[in-house]
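K.L.:
Here the protein sequences come in this chain order: W and R.
Each residue of the first sequence is one higher than the one before, counting from 1 in my numbering.
Each residue of the second sequence is one higher than the one before, counting from 1 in my numbering.
Watch out, some of these pointers could steer you wrong.
Stated by the list, open to error - Covered by chain R, according to a simulated footprint, are these stretches of chain W (three or more residues, beta-carbon under 8 Å):
| no. | segment |
| --- | --- |
| 1 | 40-50 |
| 2 | 95-108 |
| 3 | 113-122 |
| 4 | 224-238 |
| 5 | 241-252 |
| 6 | 260-273 |
Treat the hints as calculated values from the structure; they're not laboratory data.
Idealized CB from N, CA, C, for every residue including glycine.
Now for the letters of each chain:
Protein chains: 2
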Amino acid sequence: MAGRSRDMATMRDVAQRAGVSLATVSFAINKTKPVAPSTRERIEAAMLELNYKPNAIARALASRRTRIIALLFPVLEHNLDGTALKFFTSAAAEAQRRGYNLILWPSGTDAARIDQLVHSGLIDGVVVMEVYLHDERVERLRELGIPFTLIGRTAEPRGISYVDVNFEGLVATAMHHLRELGHRRIGIVFGEGGDPLISEYGPVVRTRDAYLAAIADTEDEPLMFSCDQSSAAGRRLVPDILRQAPDISALLLLNEHAASGIVSGLRAQGIGVPESVSVVGLGSSIEVAEAIDPQISLYESPSEELGRRGVEDLIDVLEGTRSAPGASLVDCVFVDFGSIAPAHS
Amino acid sequence: MAGRSRDMATMRDVAQRAGVSLATVSFAINKTKPVAPSTRERIEAAMLELNYKPNAIARALASRRTRIIALLFPVLEHNLDGTALKFFTSAAAEAQRRGYNLILWPSGTDAARIDQLVHSGLIDGVVVMEVYLHDERVERLRELGIPFTLIGRTAEPRGISYVDVNFEGLVATAMHHLRELGHRRIGIVFGEGGDPLISEYGPVVRTRDAYLAAIADTEDEPLMFSCDQSSAAGRRLVPDILRQAPDISALLLLNEHAASGIVSGLRAQGIGVPESVSVVGLGSSIEVAEAIDPQISLYESPSEELGRRGVEDLIDVLEGTRSAPGASLVDCVFVDFGSIAPAHS
Numbered sequence: 001m002a003g004r005s006r007d008m009a010t011m012r013d014v015a016q017r018a019g020v021s022l023a024t025v026s027f028a029i030n031k032t033k034p035v036a037p038s039t040r041e042r043i044e045a046a047m048l049e050l051n052y053k054p055n056a057i058a059r060a061l062a063s064r065r066t067r068i069i070a071l072l073f074p075v076l077e078h079n080l081d082g083t084a085l086k087f088f089t090s091a092a093a094e095a096q097r098r099g100y101n102l103i104l105w106p107s108g109t110d111a112a113r114i115d116q117l118v119h120s121g122l123i124d125g126v127v128v129m130e131v132y133l134h135d136e137r138v139e140r141l142r143e144l145g146i147p148f149t150l151i152g153r154t155a156e157p158r159g160i161s162y163v164d165v166n167f168e169g170l171v172a173t174a175m176h177h178l179r180e181l182g183h184r185r186i187g188i189v190f191g192e193g194g195d196p197l198i199s200e201y202g203p204v205v206r207t208r209d210a211y212l213a214a215i216a217d218t219e220d221e222p223l224m225f226s227c228d229q230s231s232a233a234g235r236r237l238v239p240d241i242l243r244q245a246p247d248i249s250a251l252l253l254l255n256e257h258a259a260s261g262i263v264s265g266l267r268a269q270g271i272g273v274p275e276s277v278s279v280v281g282l283g284s285s286i287e288v289a290e291a292i293d294p295q296i297s298l299y300e301s302p303s304e305e306l307g308r309r310g311v312e313d314l315i316d317v318l319e320g321t322r323s324a325p326g327a328s329l330v331d332c333v334f335v336d337f338g339s340i341a342p343a344h345s
Numbered sequence: 001m002a003g004r005s006r007d008m009a010t011m012r013d014v015a016q017r018a019g020v021s022l023a024t025v026s027f028a029i030n031k032t033k034p035v036a037p038s039t040r041e042r043i044e045a046a047m048l049e050l051n052y053k054p055n056a057i058a059r060a061l062a063s064r065r066t067r068i069i070a071l072l073f074p075v076l077e078h079n080l081d082g083t084a085l086k087f088f089t090s091a092a093a094e095a096q097r098r099g100y101n102l103i104l105w106p107s108g109t110d111a112a113r114i115d116q117l118v119h120s121g122l123i124d125g126v127v128v129m130e131v132y133l134h135d136e137r138v139e140r141l142r143e144l145g146i147p148f149t150l151i152g153r154t155a156e157p158r159g160i161s162y163v164d165v166n167f168e169g170l171v172a173t174a175m176h177h178l179r180e181l182g183h184r185r186i187g188i189v190f191g192e193g194g195d196p197l198i199s200e201y202g203p204v205v206r207t208r209d210a211y212l213a214a215i216a217d218t219e220d221e222p223l224m225f226s227c228d229q230s231s232a233a234g235r236r237l238v239p240d241i242l243r244q245a246p247d248i249s250a251l252l253l254l255n256e257h258a259a260s261g262i263v264s265g266l267r268a269q270g271i272g273v274p275e276s277v278s279v280v281g282l283g284s285s286i287e288v289a290e291a292i293d294p295q296i297s298l299y300e301s302p303s304e305e306l307g308r309r310g311v312e313d314l315i316d317v318l319e320g321t322r323s324a325p326g327a328s329l330v331d332c333v334f335v336d337f338g339s340i341a342p343a344h345s
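Chain W on its own, in the form it takes in the complex (with noise of 0.2 Å):
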């Protein structure tokens, strides 16, 4: 504690320089009870002038807890997009009402900067983003006993706390809206790129598991495709599309970055939206969508809930106001553009 007496200054220093009692810096500070603003403002610049650092540290050592967690994302797997940047504020917005602190953690999919991060003993709990189905953090994190939740889930996610897009109703729902306007040869876009785990990437394989699954039902045949995250990507795929089916009616694009591409690729093949092909992108975001020309109808991602009640649960568990892990799926919510029409028949 050589630091503290050296030249730490005390509430009660604050409190004497300015000229009032230690009950009254304490209700300033804490918010315990409410200050006249003159007050306030004489024990402010009494804690600026001695470098008065009231609370935080002090406190985390005495209670060892430090109201600090973190939003562990992954670097460079795959484009993080608009999605992403609504988890980070949102999650920090949330953290801030709640008076929490969010640290961004930068992490790989594996678990080797996990151990630095908790071992620091800086933080209360983890928020795990872009989760993959087998995911070595999560394995990690629950091995070290730490409290987390994920936004997104694993394959067995029983007993974790996580909040994810409701990727089955979500492809049920888009697959039946194209049928009941009697499209039949409905394909659907993935992303690739850079990332050798996108297979084992969840939203990936829901998505896909729940079209074969609708696929299934008929006797329609699954059109599968996959290209890079890029428009250019998406406008070199469209001609392999055509080939493979050249009847092809509806696009479902999982694709956010693609999706320009594929429309203007589409149209230069002589093939409008949506009176050849209907197009509708899932779990999109709505700048994106609404940046295409023609705009494109879209599934939009509840990426803001997502980062709030990824913070919101985790703090839940850390106050024990939540006995149980929750466990939420949140649907999409439908915007209408105007690319999905009537199949011809």
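Place chain R on chain W using the hints.
P.N.:
Leaving out everything else, chain R in the frame of chain W:
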């Protein structure tokens, strides 16, 4: 220190359990000397069993340094975009590389939440994003005497550590490029949308002033437009542009989200890019420019470098390896997607 005496394991407990010397535990934890992998494993196992939380908190209290820095970002003032995402991820990666933790701290453009952050005693310093010319947050950080750096800069940044885009050079270069190709009717489109302070936002003001300066050197007339930050708004703006300047031959876009709408609005009027009008993005992101049809050449924002250097400069200040405030302007890099052509004479 009740928590500690109650049940917090000590480093000595860990040494005993792992069957190694206290010094070896210290070497392993503080990475001051190499420790054999098998020994390290034994020590880590002992730390887990004893739930030993080593160092960050106690060290912070002793050293009065937490090795935590905050990235201040504004909520909802105007659309955060791909640029902001890159600030977040590159800033977090750089902090981690230097052994620091980065907290994401949402704040308004006012100083309201800064005192809360600084008074918590949790952070060593602050990186401020999305800086306004007269920025209350910067004023308040200065008053509080906490080290900070800016990504962006105020009107009078002398004495402040900052890293910013070289907007002045960017506009001069772009204007020169277009004039060399014979363009004389060069317009510029700014973004609006929800932010009453947009006219105080550094990138907008500096770009506008540089545009006016470049125009003032000639006999040309300034052609300035603005619209909301969306594709739909860009599309709606096109008729206004053509009414005001039917002979316009080039457009600079400082409104990334409107770019696709402007291009498709031009096409809807039978005006081809670049055959009739050249278009170039200023400080935008390659992902957006690449997704437009046709793709738009751009001066790409050096977002990753800005995020990384904002953190780097701050840590240099904190560690005393930098004496004077760093003041850096970073150039955008031109990426040619073929949307610029010679002017028709």
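K.L.:
Of all the hints numbered above, which does this structure not satisfy? Sort the numbers upward.
P.N.:
5
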